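A.B. asks: Keeping their order, the protein sequence lines are chains A and B.
Those letters in the first sequence? Residues 1 to 442, by this note's numbering.
Those letters in the second sequence? Residues 1001 to 1442, by this note's numbering.
To be clear, the hints were calculated from the coordinates, so they are not data collected in a lab.
These numbers come from a predicted model, not from an experiment.
Misleading hints may appear alongside valid ones.
Unchecked claim - With a Cα cut of at most 25 Å, we get these calculated SDA-like pairs of lysine to any residue:
hint	chain 1	residue 1	chain 2	residue 2
1	A	K155	B	R1035
2	A	K4	B	D1347
3	A	K219	B	Q1039
4	A	K343	B	R1005
5	B	K1276	A	L177
6	A	K219	A	Q39
7	B	K1376	B	D1347
8	A	K23	B	E1260
9	A	K409	A	L351
10	B	K1155	A	Q308
11	B	K1376	B	S1387
12	A	K219	B	E1033
13	B	K1188	B	T1235
14	B	K1383	B	K1402
15	B	K1004	A	A346
16	A	K23	B	N1262
17	B	K1276	A	L351
18	B	K1343	A	Q39
19	A	K4	B	K1419
20	A	K276	B	R1171
21	A	K343	A	L215
22	A	K275	A	F433
23	A	K275	B	E1065
24	B	K1343	A	Q327
25	A	K23	B	T1298
26	B	K1419	B	D1201
27	A	K275	B	E1240
28	B	K1155	A	E284
29	A	K275	B	T1298
30	B	K1219	A	N27
31	A	K219	B	R1029
32	B	K1004	A	G37
33	B	K1155	A	G37
34	A	K275	B	E1260
35	A	K343	B	A1038
Unchecked claim - What the simulated footprint calls covered on chain B by chain A, stretch by stretch (three residues with Cβ under 8 Å from a Cβ of chain A suffice, anywhere in the stretch; the number is not a length):
hint	stretch
36	1029-1038
37	1134-1142
Positions of the beta carbon are idealized from the N, C-alpha and C atoms, including for glycine.
This is what each chain is made of:
Number of protein chains: 2
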Amino acid sequence: MSEKRIIRIGLLGFGVVGQGVWKNIENNRQALEFRLGAQLQITEVVVRDMRKAREVAVPEAAYSEDPSRVVDNPDIDIVCELMGGTGLALDLTRRALRQGKIVVTANKALICEHGEELFALARQNGGHYFYEASVAGGIPIIKTIREALVANRFKLIFGILNGTSNYILTRMEREGLSFDSTLGDARKLGYVEADEALDLDGIDAAHKAVILAYLAHGKWVKLDAIICEGIREITGEDIEIAGQLGYKIKLLAVIVRDFEANELSVRLHPALISKKEIIAGVDEVYNGVSVTGDVVGTTVLIGRGAGQDATSSSVISDIADAVFMLQGAPAPVISEEDEAVYKQLADGLVLAPKDQLVGRYYLRIHVKDEQGVLAKISEILAKQHISFATVNQKELEDGTAKLMVTTHKTNETAIRSVKAALSAENSVIGLPFSIRIFDPLQ
Amino acid sequence: MSEKRIIRIGLLGFGVVGQGVWKNIENNRQALEFRLGAQLQITEVVVRDMRKAREVAVPEAAYSEDPSRVVDNPDIDIVCELMGGTGLALDLTRRALRQGKIVVTANKALICEHGEELFALARQNGGHYFYEASVAGGIPIIKTIREALVANRFKLIFGILNGTSNYILTRMEREGLSFDSTLGDARKLGYVEADEALDLDGIDAAHKAVILAYLAHGKWVKLDAIICEGIREITGEDIEIAGQLGYKIKLLAVIVRDFEANELSVRLHPALISKKEIIAGVDEVYNGVSVTGDVVGTTVLIGRGAGQDATSSSVISDIADAVFMLQGAPAPVISEEDEAVYKQLADGLVLAPKDQLVGRYYLRIHVKDEQGVLAKISEILAKQHISFATVNQKELEDGTAKLMVTTHKTNETAIRSVKAALSAENSVIGLPFSIRIFDPLQ
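Produce the entire structure from the sequences given, and follow the hints as far as they go.
C.D. replies: As structure tokens, this is what we get:
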């Protein structure tokens, strides 16, 4: 057999994921190079601060603080952007793609904010932008939607895309712990991002939902145009009552395509999900995605959504795809004028207004324990044409009570009006809290 | 944009899957051709008997009983072998591959029996042999192991690979039905293959296990060298007692690689599996596969394992990969001498002797309800160094009883000796029945 081609890889960033890529290529080099029919060499590793202690020792000649040694280096075949952030990472990704390079990334925030520009840059310069590691860590959801399910149009994609919030919800459920004390543990275990809002307010998972929506439907959705709510307000009693009713509470990304109306709904929020759904059984730090295609039916993928090894498994999978691409014909160069074609898949596709979301809801209402309270509340709901499906009441020691109700089908606007009317009602203490109920077949 | 290249596809066989491929390419043609950057034309459909009524009407010019119009036709870019069987299908696949063609197949029996020869033929002639649809229908398990998890070495792969037997076990569990009456229903629904042994004796799932073992470990295993047992002897009380102990009974394919001993264990048999395992929750006709890689950890894929649409989704995914291959460089031609390289991945890898399997077991023993029976049985087990973990006894109306026991860890040889000794014992009626207990972390 002829000598294997050498593929030269440059890493931008050498944190947890970068070092994982290095280690795992070394550990499984023999099997990997056999499968790829090529030799892999990480010839450049660029970091912000070379003096910072790192677990993996990089040979001196390959180690620098100079990103141009990767992005402007004609010897580098594959650029791995593993530095994160949307500042320098954006500049360097642009520069590499403008030179027709293949870029592999794990940077969900960057894709979510600048993906439209970056994918176009890749096409217009004969390069490529790979991003398996940006969504759901080690789960091959990008490859599955892009390649394995290429025959399908996607009616529904939903799932759990943030491991930290799932870990917190799981421990709250299993151990009856409060949100705060579980969060404390998650922090100690290093599960929570430095910017906690990413995990706790659903932003990280919403980034991923936006990427999946683009991949499946060719439409870029702005983060501020979609429902994005986190898990901070969920209490142990919400989880408990949901459990009694046959549900778990999960932070769900939901992407629904209505082909008749040519409408797309993308959202990220906690939801009551029936325990019969496989995704409801995805606990701890695991992620899970359910994809319903018009041909294949429903396929579910579950795995580790984060962590050094799982994420680097996905980065290496993208490197492998890049190697095959490098061994094949050069990518076609698409002119800027022809870019219009890439909007074709999403032709006329409209983002569904978030206010018009229809569904069932769970409501937690703190009330004074007075006669006739339930009747008053029921009347307020009736004004918005909302009726109870279930009612649970829990007496508190201070003489007040919590009402946990689920509703029949209604919509966002009605629920918002009801919450406002309830909080204005004398018997109601504070603001009622609502959680959407997820109905996959709706 | 330049005119899209036309890719010409020839179908060998136009049964359920072939017609599904036709229909689903037609239904989603626009999105599909956009994604592939090519036009797809099924220009030849070859059947055994043109007079047979079919749901899909093929234009006369494309319809024939002459396979050479596909396999010997230089205009055909992709050959889809969807006829099944290991006779004519083998001849035609050989002929097509010898001419360097790309062949897409759903034929698990053919790969299981002749895969080693056929993959080598593909490599030696610059063609390719794609087989996503041969294992687990619409679940992209081949692509996931081959590409998405390319960075990994696979310690454990296990799962449910036969939908019919899973359907039967699910209904037996949910409705307390007997094997025979559930089988009757499955037959009426058309779920059972004409050759029922394929579904009921585990042969279909064992074919798939052999293919996955090759894909993950590069080693071809003969069907008669592995444990292959079906579900015919499972009773409602086995399922009931297993349920009480926290298990479900599933027909599992199990592929374990011991990297230290360089040993591979491949087997297919009913097993008690903890309800905590995600795979235990895969019910009805669904399939599910759990893959544990040394880098990614455990990833689980669940979906439809059979049926026209799910299977054709996988065939079309292979066609898409073939299209990318056709648009790239021609495949390298590997000489026969260089073929040795392809055994490298499995270098020295030994198939574990099936007798040496170690594990826990469930035993159902029919006994006369006499004093001291349990002591006698316990003694027989003790002679083989087997101890009880749990014991359940069920009195029958005829004065006999059934003992359902689970054991601590032992091995195949010991269990076989125990079953023989038990059946020779005067207090025991008939042959004891055993089911292995699946321990993923063993």
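A.B. asks: What are the numbers of the hints the structure violates, in ascending order?
C.D. replies: 6, 7, 17, 19, 23, 32, 34
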